[in-house]
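Following the hints, put chain B with the ligands in place on chain L, whose structure we already have.
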Amino acid sequence: MTAIKKISQIAGDIRAYLINAHQKSGKKFLGVMHPVVPQELLYAAGLHPFRLFPFAGEPITAARAHLHVDTSSIFRAIWDQVLKGHYPFMEGVVLPESCETVTYFARGWMYHRPDDFVATIAGVRFSKTPNGLNFFSKELESLAGTVEKFFGTTISADSLSHAIGVYNKNRELIRAVYDLRKSESPPISGVDALKTVMVSHVMDKEENNQLLETLLKELKSPGERPKPKTRLMVSGPCITDIRLLETLEASGAIVVTDDTNMGSRSFSHTVDNGHNQFMALAKAYEMVPCPFSISAENRLAYIIKMAAEYRVDGLVFAIEKACESEKMDFPYLEKEIRTKARLPVTFIETEYLCDMAPIRTRIDAFVESLMK
Amino acid sequence: MLTVKTKRLESARTLSAAIRKIYQEVWTSRPLAWSVNSSNPLNDISRILGIHVAYPENYACVCTAQHLSGKYCTIAEAHNYKPELCSYIRNNFGYLLAKDGNHPMGGIPEPDVLLSVSNGCLNFIKWFDALRLYFDKPLVLLNTPHRLFEYDVPGYYLEYVIKELEICIDKLEKISGNKLTGRKMREAAYYSREQGKYWRKLLELNKTVPAPMNLSDLANLIFIPTSLSGTAFGLDLLKEAAAEVQQRVRNKVGAIPEERHRLVMFNIPPWYRLDFVNRFAERGCVFPFGDYLRYVWCTQDIDDSDPMEHFARKALSFGHNGGYGATIAETLYSCMGDRLAKDIKDFKIDGAVIAINKSCKIMSTGGLDIARLIREKFRLPVLVIDVDQADERTYSDAEIKQRYDAFFETIGEA
Ligand code: SF4
Ligand code: SF4
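These protein sequences, in sequence, are chains L and B. According to our numbering, the stretch in the first sequence is residues 1 to 372, in order. According to our numbering, the stretch in the second sequence is residues 1001 to 1414, in order.
Take the hints with a grain of salt, since some may be wrong.
List time: in silico SDA-like cross-link candidates among lysine to any residue, alpha-carbon distance up to 20 Å [to be verified]:
| id | chain 1 | residue 1 | chain 2 | residue 2 |
| --- | --- | --- | --- | --- |
| 1 | B | 1137 | L | 279 |
| 2 | L | 128 | B | 1082 |
| 3 | L | 321 | L | 296 |
| 4 | B | 1174 | L | 279 |
| 5 | B | 1171 | L | 130 |
| 6 | B | 1071 | B | 1097 |
| 7 | L | 27 | L | 130 |
| 8 | L | 128 | B | 1138 |
| 9 | L | 128 | B | 1170 |
| 10 | L | 335 | B | 1080 |
| 11 | B | 1082 | L | 332 |
| 12 | B | 1171 | L | 131 |
| 13 | B | 1184 | B | 1306 |
| 14 | B | 1163 | L | 279 |
For each label pair, taking beta carbons as the anchor points, the in silico distance ranges come out as [what the hints assert, rightly or not]:
| id | chain 1 | residue 1 | chain 2 | residue 2 | range |
| --- | --- | --- | --- | --- | --- |
| 15 | B | 1079 | L | 297 | 16 to 22 Å |
| 16 | B | 1375 | L | 213 | 37 to 43 Å |
| 17 | L | 84 | B | 1375 | 22 to 28 Å |
| 18 | B | 1017 | L | 65 | 35 to 41 Å |
Simulated from the structure, these hints should not be mistaken for lab results. C-beta: ideal position from N, C-alpha, C; glycine also.
Chain B with its partners taken away, still in its complex shape:
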C-alpha cells in the first residue's frame, strides 16, 4: 500500500476535465480527423478550418490507464496485428475490432479524415496508412524527412515541407469546405510559439529544489503542446499551470513530501502503472524531467512572423539536436553530449531510470548507451527496466519490484 502521493497540480485537474470534455465533444463534432500526437502542423491547421481532431495514440493511453489495453492488444493480435507492433497500434485496432462496445469515455467516433506526419516513428505513416484502408477515408500526410548530422534545417528541406504543407492545406480546405485565412494562421502560429515558451518555462521551474512537479504532472501537461497546439485554449491552460508552479516555487512546495533524490526518466512510462512515480516518491525520489518531455517537444523557440515557415520548421525541428532542433530520430544520441551534462547539473540529477520499451524503437534505440554513459561518465546510479508503455500483459510486478528494490538499495533507500 503506497502512502506517499505526488502532490497533484490543481491545473492538472483542470486539464483532465478539459480532456474529458474534448472526448465528449468529438461525438457531436464533424468533420472529425484522427491524428498523431506529434509536432504535426496539420492538427493546428485543421482546427482553424473547423475540423475536430482526436488522437488514437492518446486514447490508447486512456485505455491503458484503465487496464484495457491488454484486452485490446489480444483482440488485435487475433486479427494478425503481431505482438511486435507498437502496443498503441494494437490497442487501437483491438478497440476498433472489439465487439462489446463498452469503451473508456465512450470511445472515439470514426474519422472523416486521417492526418499524419512522418517526423516521428515510421508507425505514424504505416499505422495511418492501415487506418486509411480500414476506414476507406482520405489520409492527408505531411512528409517531413528525417535530417541527421546537420544542425540547421537545409533550405531545400524547408522549401519542400512548406510546399507539401500547401498541398495538404488544399486537401483540408476541400474536406472542411472552409478557407484558411492569414489572420487565423498567424494566430495559430503565435499560440504555437507561445505554448513552446511556456512549456520550456515549466521545465525551467522544475530545476528548483524541491521540484514543484513530478513526472506525472509533466506527462499530463505535455498533452497541451502535442494535442492542443496552436490554440488559445491550450495556451491558457499552460499559463495557468505555469502560474501555479511559480507559486509552488515561491513557497518552496515540492511535488513530493520529502525530496532526497532527483532522477531523470528515459522513455515513455508504463501508463498502466502510473503509481510507479509514487513508489519512487515513497523513497524520496522525484523526477524533475524525462527525455521525451525535455528533448522531444518544443525544444527551441521558432519565429512565428511567417506562419507557414513556423509550422514547417516546427515539424522539421521539434526535437533536440545540439540546440538546433531535429526530428525525433536522433534525439537520444544527440542529447548525449553537452546537453545531457548540462541538464544533469542544472536539474541536480543524481540517478536515472531508463526504460527499454519493446513497443517504441525510436525511444529505445540508444537507451543502453545512455545507461552506460550516465553510469560511467557521470558516475550516477542507473536502473534499466524492460517495460512496454501500453501492453500490460508483458509486465511482471514481482520482477520489476526486485529491480526497484535493488536500485533503492544502491541509493541508500532500501
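If we strip away everything but chain L, and leave its shape as in the complex, we get:
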C-alpha cells in the first residue's frame, strides 16, 4: 500500500486507528489541545499524546448540557464525543491556556471527569521577555512534575532528548512535505496534506516518521502533475474538516499551504536538543503563531512570508464561528493583507458539521475572480 493510501485509510477512521494503536502499544493515551503544548514532555514520560479533534459526522447532543452554543463547536464536539465514550483509550488531557473555550472549560472537564488526568499550562501571551521565557520554562518543568507524579513515571534527560529528537524529525518531515507544495505543480493536494497532518497528530511519532519518509519518496518520484489554475492558502484555527478542503479544491484551485492550528502552526518550530531542555522547549513553543499567543502584527508577518514562499494567489480565512481570538485579528489582517501583500482575501465561517453548500458558492465566486 502506498503511504498516501495508508494515510487516507487512517484518516478515514481515526477513532478505529486510535483504539487499535492503544491495544497494540499498551501505552497510556493523553489528549492534547493546540500546538502550544510541548508533547515531547508527555512522550518522554512513556505516554502517547495525541491531538484532540472531533471524529467526523456525529451531531453534538450530550455536550449541550454543559457547553452553551456560543462556545467553540470544535471543542463542543470533542467534549460531546468524550461524554459518549468515544475515547475509551484516553486517560486524560492537557488543556493549555489558549482560546476561550479551552481555557475556561479546563476546570469543567475536571468537574465532570474527576478521575481523568487534567493538566493545564499557562502561556506567555504576547509579552515575550526573557523573564517570560524563564517563567514558561518553569511552567513546563512543573507540568513534567505533575505528569511524573500522576503516572508514576520519570522523565529523564535522555528520554526527553530522545523525544525532542523524534518530534523535531517529525516536524522536519512535515515541513519537507509542505516544501514540495511550493513547486509549480504540487505533488500533493490540500486534501491529502490535511489528512497527512491529521494522521501525524494521532500516530505514534516514530511510526509516523517512517510513514512520512516513505511518503516523501513517493512524492518526489517523477510523475504527471497538472499545474493548478489557482493556488490558495487557508488561515484559521482548528481546521479538521476534510470536507472544507474538498470544497475549496472542487473549485479548481489547490490549497498549497496553511496558517492553522492543525497545520503549519504545529510544525514551524524546531527545539534545540542541547543541555537546558525545558528552556529549549519554552523558547520553541512560546513563539507558536497562534492568535492567543502572539500579536496580530506577528501573525501578519508570518502569513505574508508564507504566502510569498508558496506563491499564493488568494487567501481564505476559514474561521470557526465561536473562535474569538481568530476573529479579533481578522479585521486588521484582512486589511493589511489586501493592501500590503496585495493578496485577495475571502472569509468563510465554519462550524463542526456546517453546511458546505453556501461555502461552495462563496469559494467558487472567489476562485473565479482570481482566475480572471
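Chain B with the ligands in isolation, oriented as in the chain L frame:
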C-alpha cells in the same frame, strides 16, 4: 409600567456624579491611558505617575444604558468585527468608527497609551492589541498567567509577575516623565487593600434581611474597586456607601419595599434593561449578590506591606478559588463547591437567575452546570436566560417576559 422601584443608595448618586466628572476630566487630562476593568495594577500605578485612565469597557456600558450599543455594534460589524466578538469590543470599535460624533457624555478622547492585563478574558489582550494597531500607540501589557487547580500562588508565578510589573513600570515612567516613589506605591497598595475590605464588608451587610442593596447598587459600586482602585477618593466613596448601608441595616430598610425572595444572579446583567431588577422587585425579589460581584473581585485580603507583591498577588488572585484567590478563568467552577453552598445559606438565597451571555464566554462557561447544581443539589428554582450584556439587538422583550413569567409562577408570584 413598573411601579416598584429599588430604593437607590444616596452614595450611588455621589458615585454617578463622580463618574460623570471623571468622563469630563479625561478631555483635559494628558497623558491618557485606556485600560481594562480588571484587577490591573497598571491602573493604580499609572494614576500615581500622573497618567489618567479611561475604560472603554465601562464606556460601552454607558453607551448600552443609553441604547446606543446596537448602533455601534452595527457599525463595527460593517468593518469586519464579527457579531460573535464581545459586544463591548464591537461597541468600542463602532464608537471609534462612527461618523456622527454625537456620543454619550461626549465620548472618550484618544489614548496616549494602552494598558492591559491578561488575568481576565483573552479579549483583554486581543482587543487592546487591536487598539494598539488602530491608534499606533504603545501597549503596556502585564501578562498574568491563569493558574488552575492550585490553591496558593506558586513562587515562580509571583516572581515572574513582579518582574513583569517592574518592566511595565519602567515603560510607564518613560511615558509619564515621572518617577514612582515608594511612598506613593505604599499609599496605593494601602488604598487598594482597604477598598477590598470595604467591598467585602458591603457584601457581608447584604446578608441582612431585608437586603439593604439590590444588584443595581452593587453593579454601580463595583466601579470603585475595578476602576478607582488604589485611590483615596475611591476608598472614601466606598466608606460613604458602607456607612449608608450600615444605617439601612440598623433601621431595617430594604432595597425593595417588600422582600419575599432572595435571588442570586449569575453573569453580567443586560445593561440596556437595567429595569429588570425592578421587574423582579415588583414580585418581591431582591438580588443580594451576583457571581461577578462576589467571586470575581476582591475576594481575599492581600497583605500590603510589600506594595509590589500586593499588586502582583492581586493581579494573580483576585477571583475566588476555594478561598485562595485565582484568576478569573476558574471562578464559576471553583465556586460550585462549599463556597456557593455557604453563600446560599448565609445570604438566604431561594432562587437563581443565570444569564448565558453570548459575548462573555468567561462568565458563561459553567453557567449550565451551575444551573443544574442549584436545581438538583439545593432544590431551588432557577431561571436561565440568554442575554447579551450589551448587544440589545439580540434581546427579545416578549421572549424574556415569557421566561420571567414562568419563573414568577414557579416561585408563587404569578
Ligand atoms: S477552533 Fe478556536 S475556539 Fe475552537 S478549539 Fe480551536 S482555537 Fe479554540
Ligand atoms: S468577554 Fe467578558 S470579560 Fe471580556 S471584555 Fe467582554 S464582557 Fe468583559
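Hints versus structure:
1. B/1137 - L/279: 32 Å, violated
2. L/128 - B/1082: Not satisfied, since the Cα-Cα distance of roughly 28 Å exceeds 20 Å.
3. L/321 - L/296: 19 Å, holds
4. B/1174 - L/279: 31 Å, violated
5. B/1171 - L/130: OK: residue 1171 of chain B and residue 130 of chain L at ~16 Å, within 20 Å.
6. B/1071 - B/1097: 11 Å, holds
7. L/27 - L/130: Distance of about 36 Å is beyond 20 Å: violated.
8. L/128 - B/1138: With a Cα-Cα distance of about 15 Å, the restraint between residue 128 of chain L and residue 1138 of chain B holds, given a limit of 20 Å.
9. L/128 - B/1170: 16 Å, holds
10. L/335 - B/1080: The given pair, whose Cα atoms are some 10 Å apart, holds under the 20 Å limit.
11. B/1082 - L/332: Within the cut-off at roughly 12 Å; holds.
12. B/1171 - L/131: Holds, at roughly 16 Å.
13. B/1184 - B/1306: The given pair, whose Cα atoms are some 12 Å apart, holds under the 20 Å limit.
14. B/1163 - L/279: 18 Å, holds
15. B/1079 - L/297: 16 to 22 Å: 19 Å, holds
16. B/1375 - L/213: 37 to 43 Å: 56 Å, violated
17. L/84 - B/1375: 22 to 28 Å: 24 Å, holds
18. B/1017 - L/65: 35 to 41 Å: 46 Å, violated
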